[in-house]
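Model the placement of chain B on the given structure of chain A, informed by the hints.
Going line by line, the protein sequences match chains A and B.
Position 515, counted from 1, in the first sequence is what my numbering calls 515; the numbers after and before it change by one each time, with no gaps.
Position 81, counted from 1, in the second sequence is what my numbering calls 1081; the numbers after and before it change by one each time, with no gaps.
These are calculated hints, taken from the structure and not from any lab test.
Hints are supplied without guarantee of correctness; some may be wrong.
Ranges of calculated distance between the beta carbons of each label pair, as one might list FRET restraints [what the hints assert, rightly or not]:
(1) A:Val8 - B:Ala1064: 48 to 58 Å
(2) B:Arg1466 - A:Glu36: 23 to 33 Å
(3) A:Ala17 - B:Glu1368: 43 to 53 Å
Pulled a few chain A residues facing chain B out of the computed Cβ check, cut under 7 Å [unchecked claim]:
(4) Val144
(5) Glu147
(6) Gly158
(7) Ala177
(8) Leu184
(9) Val192
(10) Val440
No more than 25 Å apart at the CA atoms, straight line, and that leaves these computed lysine to aspartate or glutamate pairs for DMTMM-like [what the hints assert, rightly or not]:
(11) A:Lys115 - B:Glu1458
(12) A:Lys171 - B:Glu1371
(13) A:Lys115 - B:Asp1373
The structure presented is a predicted model; accordingly, all values stated were derived computationally and were not measured.
Even glycine gets a Cβ: it sits at the ideal position worked out from N, Cα and C.
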Amino acid sequence: MTALLDSVAYDAWALHALVWLPLVGMGWVLMATEDEARHIAFRVSTALFVLSLGLWFGFEPGTAELQFATSIPWIEAWGIEYALGLDGLSLMLVLLTTFTMPLAILGSFNYIDRKQKGFYALMLLLQTGVVGVFAATDLFLFYVFFELTLVPMYFIVGIWGGERRIYAAVKFFLYTAFGSLLMLVAVLYLYVEARTQLGFASFAFADLAQTSLSLEQQLWLFSAFALAFAIKVPIFPLHTWLPDAHVQAPTPGSVVLAAVLLKMGTYGFVRFLLPFFPEAAQHPTVVTTMIVLGVIGIVYAAWVAAVQPDAKKLVAYTSVAHMGFVVVGVFALTVNGLQGAIMVMIAHGISTGALFLLLGMLYERRHTRTIADFGGLGRSAPWLATAFVITALASIGLPGTSGFPGEFLALLGLFETHPVLGVVAATGVIFAAYYMLPMVQRIFFNALDRDENREVEDLSRRELVVLTPLIAAMILLGVFPNAVFERTEPTVRAVLERVEEATAAAVEIEPGLDMDITSDLPAEVVDPAGSTVDEGAVR
Amino acid sequence: MILDFTSQLDYVWATLPEIILCVSGILVLLLGVSGKRDPVSGGDAASELPSHDLGYITLAGLLAAAMANGWLYGVTEVGSIGLVVVDDFRLFANWIFLIAAGFAVLMSFAYVYRQRLQAGEFYALILFATAGMMFMAGARDLIVIFLGLEVMSISAYALTAFNRRDRRSAEAGLKYFILGAFSTGFFLYGLALVYGATGSTNIEMVGAAVRSGAATPTLILFGIAMLAVAFAFKVGVVPFHMWAPDVYEGAPTPVSAFMAVAVKAAAFVAFFRVFLVGFIGAYAAWYPIVWWIAGITMVVANILALAQFNVKRMLAYSSIAHAGYLMVALAAANDRASAGMLFYLLVYAIMNMGAFAVVVIVGRQGEESLELDDYAGLGSSNPLLAVFLTIFLLALAGFPGTAGFMGKIFLLQGAADSQLWVLSIVLVLMTVVSYYYYLRVAWYVWMRDAREGAPTGELFVPLPMRFALAAAAAAILLLGVFPSGAMEFAQSSVAAVSAFPDALTSLIP
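The shape of chain A in the complex, shown without the other chains (with noise of 0.2 Å):
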């Protein structure tokens, strides 16, 4: 395989290909007739998905450094670069994209039912905005793909969403560019500061992440990226832009909203918050605020979604949850809390975007999203429901899937740290048992009493094939999480160490807590403490 890569100089060009192709694809869209447009889309995406598995393959574990580097000065007066390059992080999050997008297009073929070029033109758009997000390693060219991506979802959301589809849509985009603008001043900021101690301009990661700053720079610059991130992610109280996105926005909106947008406000917690600014993510009023926000997204969004009587909101509140999860390990501090926050985000893109598609499909045959008005689809819907109950029990973390390994690191990670709030973070892995599993009763295991009900169609072979990609991941992940594991851990060391370089007034990170078990966990090794929270889960 490596060879073969190696033929086609794949290293060299793959990752330009990545995030400009669909723009190529977005103008074959336009030109394409009304009816062609989600076919090409379709196929486009999934020739990038074919294209990123290279990435896979091509990708040396092992070791920190960026891969598939690349860079062409951009704007030279500035020392801006246009740089391309993964770490063991950002390969995985820019497969989660490449591996998505082309299910949630192939998904939406009987959702979106008008102006489809559009639409499929701003799926792809929002395509190269993602896989530019994760791939950039120049800070400047990261902000440009991190607004972009704003442009596409305002229309996908506004345009064909529900009923408050612009409120929502407007909300979204207010909220996040709020943030993201105050993150350009500290940007520059951090640009001038980088300039005057190195002698030479750049915006590249690893030139700025050198930069000394005093601890009281690097608490003010940290606020600003981290309130861009949070709101992104959302970390409570930050989130009330996300339910209304989410039910507002089209399936596939949601579907990738969910699976890769968010994802960009955790990687930033990594990629930035982290190694930029070690000394403030580790001063202890910060980490505890992080923490303790964290878990009460966790818990907080686990009440408000057992409640929900609407499914999709109920889905986007668990969003909120794991999102809490990727919060809690990150600011443990710990491999196995980082290496636990990158695996949750990963499976949540998975299990929450399959989630999404699977509530659009019961939208299509129902026309209705509350709960109330479904019940024994079990019986007429056989397929569906298996596909369901498997989604759902993934997205409550259940041993063998994919939500386990990433929420038990996350929570061990913070147990190492923080043994009191990890209990209370733990208790969320039963709440969403119980927010969880009483909708997947409620929808498919009550009486079927309603004519509608019993009239509803099992899956298409189009919604198998959605779904069938999704599904395999969700078990592969639960059960060979290593594979995960083996490619990020060295960006994790590689963070922690930039962290623990930095002294002063930080926590005090016991030596024996940061032990390695990733690399012999089999996903089935059930911890006494863990086990004993997720049976709990399960029943």
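Then chain B, alone, in the frame of chain A:
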């Protein structure tokens, strides 16, 4: 070619673009009246030279002036004793004026015809106004700035009131004239005080006197204050902005666009030259004033724009807000900020012209359909036009991928160099506010259905307008993705107004 201004003929060469503009203005005027007039309409529908030809002649005049402007790059000036300067700062500004005038003419073709305006006078006034702007940008003497200011302003007053049949146009013209004359008074008074304080009206000599402390302190401060008021009036910043929304709303739309872009640009260029060359020695005195004006303008204009449901009026407030962003560059007073000002003005000219062009089209080449409601459903009936409008709005909002973003970054970089962090934060926060009202247009266009009974169907877009739209959109995207060339060009054009950094650092409060 070397100019030393010892011979009067040198002035001909140094002001060649202005002369060409004036000559072509007179030519257009004469051709316009020479045609037989339609006695009924009073327009030139039946003239021998239809208004379109006059438009093309005007464009040819602008093109010739542009060539002369390009030629001036090969001219070197020695001795710096002339009343006009030949430097890159001026020439860059001239490009902005020419581009703005070109767009204004392109979007006027159908408008002039539809509204039965006298084409000859209309186009001639645009050319004269452009010549006035060029004089403002190229002046080394305050008197020349005053002359340019008057030529530009009087043409602009006339253009504002040009649509005699429309009461709003006449009202706007009168309002603009009275307030404009008032601000001219401030300018003259300030000029006199500066002359009294320094014994010169030559900006460079004023600058030397202020720096060395030879200027009478009280007089010069009053003079600076008066000139600041006059310029603030012309660029339309809070609290001297009151005239702008009414005038921009009442004037014929192509004229509003021309004023919001070119008049503002000319005033800014002169503002920068006078304050950065003439008054930099008193930076500590005027810095706080400019700082506050910038901050208040950004806040007030953006918040007031939120309340506007008339698109033309919304663009008027947005142009005030953009003036506020540019004032940040003046407060920063460093090379990067000045270059950012030039670059931003260039970008702003293109994107604002584009947005106004769409307003002209949706207004059916007249003054109807200016409300947000009239834009509902545009995305379905005229998708391509709606895409253009969206690009212009995103650019005005300063969104990545468009030139507006690069312009804002440039301004922010300039502000960062002078450590103006508070203003930078105000700027970005107000940008978020501005997203709301720019996006509101986008959501009417794309996410709402046309209201009941609204005229539907494709809008008529004349050929020159199509060219203008395509050129503006292409330029915005191109400058948004590959801004390097234009940025470096702007950066290399500001040597003439280069502030004196060492003098500055000690002055920053």
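Going through the hints against the structure:
no.: 1; hint: A:Val8 - B:Ala1064: 48 to 58 Å; in the structure: 54 Å, holds
no.: 2; hint: B:Arg1466 - A:Glu36: 23 to 33 Å; in the structure: 27 Å, holds
no.: 3; hint: A:Ala17 - B:Glu1368: 43 to 53 Å; in the structure: 49 Å, holds
no.: 4; hint: Val144; in the structure: 4 Å, holds
no.: 5; hint: Glu147; in the structure: 4 Å, holds
no.: 6; hint: Gly158; in the structure: 5 Å, holds
no.: 7; hint: Ala177; in the structure: 5 Å, holds
no.: 8; hint: Leu184; in the structure: 6 Å, holds
no.: 9; hint: Val192; in the structure: 5 Å, holds
no.: 10; hint: Val440; in the structure: 34 Å, violated
no.: 11; hint: A:Lys115 - B:Glu1458; in the structure: 17 Å, holds
no.: 12; hint: A:Lys171 - B:Glu1371; in the structure: 23 Å, holds
no.: 13; hint: A:Lys115 - B:Asp1373; in the structure: 21 Å, holds
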